[in-house]
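Line by line, the protein sequences give chains G and V. If you use the numbering used here, the first sequence corresponds to residues 5 to 558, in order. If you use the numbering used here, the second sequence corresponds to residues 38 to 219, in order.
Hints listed in this document are in silico derivations from the structure and should not be mistaken for laboratory results. Ideal placement from N, C-alpha and C gives every residue a C-beta, glycine not left out. One should not assume that every hint holds.
Simulated restraints, written as ranges between beta carbons of each label pair [said to hold, decoys possible]:
id : chain 1 : residue 1 : chain 2 : residue 2 : range
1  : V       : Gly84     : G       : Phe465    : 28 to 34 Å
2  : G       : Ala305    : V       : Val198    : 53 to 59 Å
3  : G       : Ala482    : V       : Ala76     : 42 to 48 Å
4  : V       : Glu113    : G       : Glu108    : 47 to 53 Å
5  : G       : Thr54     : V       : Val198    : 28 to 34 Å
6  : G       : Thr54     : V       : Arg117    : 43 to 49 Å
Below, computed lysine-lysine pairings styled on BS3-like, alpha-carbon distance capped at 25 Å [said to hold, decoys possible]:
id : chain 1 : residue 1 : chain 2 : residue 2
7  : G       : Lys463    : V       : Lys128
8  : G       : Lys403    : V       : Lys128
9  : V       : Lys137    : G       : Lys450
10 : G       : Lys450    : V       : Lys207
11 : G       : Lys403    : V       : Lys137
12 : V       : Lys128    : G       : Lys450
13 : G       : Lys471    : V       : Lys92
14 : G       : Lys474    : G       : Lys463
15 : V       : Lys200    : G       : Lys450
16 : V       : Lys73     : G       : Lys403
17 : V       : Lys200    : G       : Lys463
18 : G       : Lys477    : G       : Lys463
19 : G       : Lys450    : V       : Lys92
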Amino acid sequence: MSRRLFPFHGGVHPEPHKRESNTTPIRAMPLLPRYVVPMRQHIGEPARPTVHVGDHVLRGQIIGEAQGYVSTAVHAPTSGRVVALEPRPAAHPSGLYDLAVVIEADGDDRAVAFQPLDWRNMDASALRNRVRDLGVAGLGGAVFPSYVKLNPGAQRIHTLIVNGAECEPWITCDDRLMRERAGETLRGIAIMRHCLAAERVLIGIEDNKPEAIAAMRAALAALDADDARGVEIVAVPSIYPAGGGKQLTYLLTGLETPSGGRSTDLGIQVFNVGTAYALWRAVELGEPLISRVVTVTGHVAAPGNFEARLGTPLVDLIAAAGGELPGATGQIVGGPMMGFDLMDDAAPVTKAVNCVIVKNATLFPPRAPDLPCIRCDACARACPVVLQPFDLYWYSRAKDFGRAQSYHLFDCIECGCCSYVCPSHIPLVDYFRYAKSEIWQREREKLAADQARQRHEFKTFRLEREKREKAEKFAKAAEKTKAAAGAPVDADAERKQALLKAAMERAQKAKEAVQPKNVDNLPPAVQREIDEIEARRAAARDAAEHPADAGADK
Amino acid sequence: MLSAILVMAGIGLVLGGILGWASIRYRVQDDPLVEKIDAILPQTQCGQCGYPGCKPYAEAISKGEADINLCPPGGEDGVRRLAELLGVEPKPLSDDAGPKPRSVAVIDENLCIGCTLCIQACPVDAIVGAAKQMHVIVADQCTGCELCLPPCPVDCISMQVIKEDVTNWKWRYPVHMMKRVA
Numbered sequence: 005m006s007r008r009l010f011p012f013h014g015g016v017h018p019e020p021h022k023r024e025s026n027t028t029p030i031r032a033m034p035l036l037p038r039y040v041v042p043m044r045q046h047i048g049e050p051a052r053p054t055v056h057v058g059d060h061v062l063r064g065q066i067i068g069e070a071q072g073y074v075s076t077a078v079h080a081p082t083s084g085r086v087v088a089l090e091p092r093p094a095a096h097p098s099g100l101y102d103l104a105v106v107i108e109a110d111g112d113d114r115a116v117a118f119q120p121l122d123w124r125n126m127d128a129s130a131l132r133n134r135v136r137d138l139g140v141a142g143l144g145g146a147v148f149p150s151y152v153k154l155n156p157g158a159q160r161i162h163t164l165i166v167n168g169a170e171c172e173p174w175i176t177c178d179d180r181l182m183r184e185r186a187g188e189t190l191r192g193i194a195i196m197r198h199c200l201a202a203e204r205v206l207i208g209i210e211d212n213k214p215e216a217i218a219a220m221r222a223a224l225a226a227l228d229a230d231d232a233r234g235v236e237i238v239a240v241p242s243i244y245p246a247g248g249g250k251q252l253t254y255l256l257t258g259l260e261t262p263s264g265g266r267s268t269d270l271g272i273q274v275f276n277v278g279t280a281y282a283l284w285r286a287v288e289l290g291e292p293l294i295s296r297v298v299t300v301t302g303h304v305a306a307p308g309n310f311e312a313r314l315g316t317p318l319v320d321l322i323a324a325a326g327g328e329l330p331g332a333t334g335q336i337v338g339g340p341m342m343g344f345d346l347m348d349d350a351a352p353v354t355k356a357v358n359c360v361i362v363k364n365a366t367l368f369p370p371r372a373p374d375l376p377c378i379r380c381d382a383c384a385r386a387c388p389v390v391l392q393p394f395d396l397y398w399y400s401r402a403k404d405f406g407r408a409q410s411y412h413l414f415d416c417i418e419c420g421c422c423s424y425v426c427p428s429h430i431p432l433v434d435y436f437r438y439a440k441s442e443i444w445q446r447e448r449e450k451l452a453a454d455q456a457r458q459r460h461e462f463k464t465f466r467l468e469r470e471k472r473e474k475a476e477k478f479a480k481a482a483e484k485t486k487a488a489a490g491a492p493v494d495a496d497a498e499r500k501q502a503l504l505k506a507a508m509e510r511a512q513k514a515k516e517a518v519q520p521k522n523v524d525n526l527p528p529a530v531q532r533e534i535d536e537i538e539a540r541r542a543a544a545r546d547a548a549e550h551p552a553d554a555g556a557d558k
Numbered sequence: 038m039l040s041a042i043l044v045m046a047g048i049g050l051v052l053g054g055i056l057g058w059a060s061i062r063y064r065v066q067d068d069p070l071v072e073k074i075d076a077i078l079p080q081t082q083c084g085q086c087g088y089p090g091c092k093p094y095a096e097a098i099s100k101g102e103a104d105i106n107l108c109p110p111g112g113e114d115g116v117r118r119l120a121e122l123l124g125v126e127p128k129p130l131s132d133d134a135g136p137k138p139r140s141v142a143v144i145d146e147n148l149c150i151g152c153t154l155c156i157q158a159c160p161v162d163a164i165v166g167a168a169k170q171m172h173v174i175v176a177d178q179c180t181g182c183e184l185c186l187p188p189c190p191v192d193c194i195s196m197q198v199i200k201e202d203v204t205n206w207k208w209r210y211p212v213h214m215m216k217r218v219a
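Take the sequences, apply the hints, and build the full model.
In structure tokens form, the structure reads like this:
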């Protein structure tokens, strides 16, 4: 095939170390007596446990259901009894404990009835919900719940990129999977494509895996013409980190994912080949995600790949690979470039664990002490995201996080190329991870502070309002009492007044009624006498009223 | 000469008019400095600064009445950011007990008598309950201000340090092993 490729900036060529583990077929792990299944196996909200201690569970039974949108279900890896529901060591760089369901296997390994789905004739939303309940999450490392990614939403997805690059040294689980289960993987890809309605499918595989490329091409030739249309298997040059989602997208299409954006912004969705295989099992067999292929390599007796059930303690997995050889100095979960040191080998396999490497002093010598940065810019030349790691390093080291962020710290994919090439052995990525988690912490605190401020302001407002309402209520009540006290008084007074008026009127009438009649029909002499007396009275009254006039007359 | 004076005076009047109009049209109502200071304060509303909440403390700082080092929950980092904002020298915290670990209040449900005193004390309404009903603290909303501790008549509230788990775990500052070169 002569597809034009678009090499990305930078990248490194670490020693591949693939031969150690990719020559033997995938081995099935024997059934273990005990599994520890963490509830947090994916990005987003952890699953909510649905079983109690003492419950009997069957293989494939849901023991934790998805809570929230970015979440997915967790299933029992075998049949048995739930013996504990408690925090257990997690495969996490912190080595902290996280909630897990501990299942004691009964040895029967009985399964629930699996229901294959008729995905071609199924409602897209119903299919996605089934995929959520079947627990499928991205097995490439980011463990994003697949059902969310299978929903194109408003964005039209024209290209589905399937990531089989597996660029990290030592890891060979995808390589073996493609060699041995190419047909199933391609059928899983057909389901993804059906969900996304993508026109073309590009499967990118690094050219250091010729057997996998050949197996996939052979399987593609054998696939139904309908499913095979527009599917192309592309051999990409082996350069780390060609398996980074954004790097592979650029390599295959020449489209650059915008800063802070996702490949879906370009109409492209990226899945890992392991996810495609898990999706095939989930949809066509109805079997939930309860196992995955894990590479166990490094300083062990029989390195190789294992089909390990989720919940398998890593110590048992290492034992299955022949156990650690004398001189082992610890384990790495993931690859040597992006993985982390395992704190407790009781931690179990989760959907995120693709590889366990046992270290020894010659393969993984202890880190040399750092020398000061000499600003050689080797890190900038190696950075696949075209950042300036030395600047980010200065700012992160000085805890000047705002400046680090303005230099696009969050576009860093933590691939480790800068640390790998640094001649001064500065652990650059450790500084970037530190700065990122500090910034996240600050953002969480800021969010909490904003909420607290809002709540406090509302409480103050509420108290003020209550006080005002109370005062108003009191004022109203006081007025009402006054009115209530005043109204009867008024009515009473009115009544009294009316009574008084009536009484006075009656008195007046009575007075008029009893007027003396002794001045009627008087003889003229008596009348004259009365008139004279009246005249004198009037004169006396007049003199009393106007004494000055009277005095002046005298 | 006269025309030059008139032209200059005219320009002066026009520009003065524009400035006067702009100062009225684009008047800033609130003191933006108070908002900026308030944004730095941790909003625990604990009153350890001597002011009844973060906003009053921010107002006091902006008026120059309060020092910038009175907020223990904000820690040295908060003092440093305030100093940066205000262009003054950072100072050590006035309270030398040092920053306390972040914690939340927890009510012992067996002892709570449902008196509602803590509900009234909580500055962010993070306590749910009613008279003679058991109270409970919404841990996500609790700022760890400890204002609910003194009013409780039965001492059933205790502060619990927030433990590190997988969700709030942070990468540590890389240990620096410098090689001696000279």
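Outcome of the hint check:
Range check, Gly84 of chain V to Phe465 of chain G: Cβ separation about 18 Å, and the 28 to 34 Å hint is violated. For the pair Ala305 of chain G and Val198 of chain V, the beta carbons lie near 45 Å from each other, so the given range of 53 to 59 Å is not met. Taking 42 to 48 Å as the suggested C-beta distance range, the pair Ala482 of chain G and Ala76 of chain V conforms, at roughly 44 Å. Roughly 50 Å separates the CB atoms of Glu113 of chain V and Glu108 of chain G, a value that falls within the hinted 47 to 53 Å.
As the Cβ distance of Thr54 of chain G to Val198 of chain V is approximately 31 Å, the hint placing it in 28 to 34 Å holds. A hinted range of 43 to 49 Å holds for the C-beta pair Thr54 of chain G and Arg117 of chain V, which are about 48 Å apart. Proximity of Lys463 of chain G to Lys128 of chain V is assessed by CA-CA distance (about 32 Å); at most 25 Å being required, the pair is judged violated. As the CA atoms of Lys403 of chain G and Lys128 of chain V are separated by approximately 19 Å, the hinted pair is consistent with the 25 Å bound.
A C-alpha spacing of about 18 Å is found between Lys137 of chain V and Lys450 of chain G, which places the hinted pair at or below 25 Å, so the restraint holds. A C-alpha spacing of about 16 Å is found between Lys450 of chain G and Lys207 of chain V, which places the hinted pair at or below 25 Å, so the restraint holds. Note on Lys403 of chain G and Lys137 of chain V: the hinted pairing holds, with a Cα-Cα distance of about 21 Å set against a maximum of 25 Å. With a C-alpha separation of about 23 Å, the suggested pairing of Lys128 of chain V with Lys450 of chain G holds against the 25 Å cut-off.
A distance of roughly 21 Å separates the Cα atoms of Lys471 of chain G and Lys92 of chain V; the hinted pair therefore holds under the 25 Å criterion. Proposed proximity of Lys474 of chain G and Lys463 of chain G is supported: the alpha carbons are some 16 Å apart, at most 25 Å. At roughly 19 Å between alpha-carbon atoms, Lys200 of chain V and Lys450 of chain G fall within 25 Å of each other, so this suggested pair holds. In summary, the hint linking Lys73 of chain V to Lys403 of chain G is supported, as the alpha carbons are separated by about 21 Å, within the 25 Å threshold.
Among the hinted pairs, Lys200 of chain V with Lys463 of chain G is inconsistent with the structure: their alpha-carbon atoms are about 29 Å apart, more than 25 Å. Note on Lys477 of chain G and Lys463 of chain G: the hinted pairing holds, with a Cα-Cα distance of about 20 Å set against a maximum of 25 Å. Proposed proximity of Lys450 of chain G and Lys92 of chain V is supported: the alpha carbons are some 15 Å apart, at most 25 Å.
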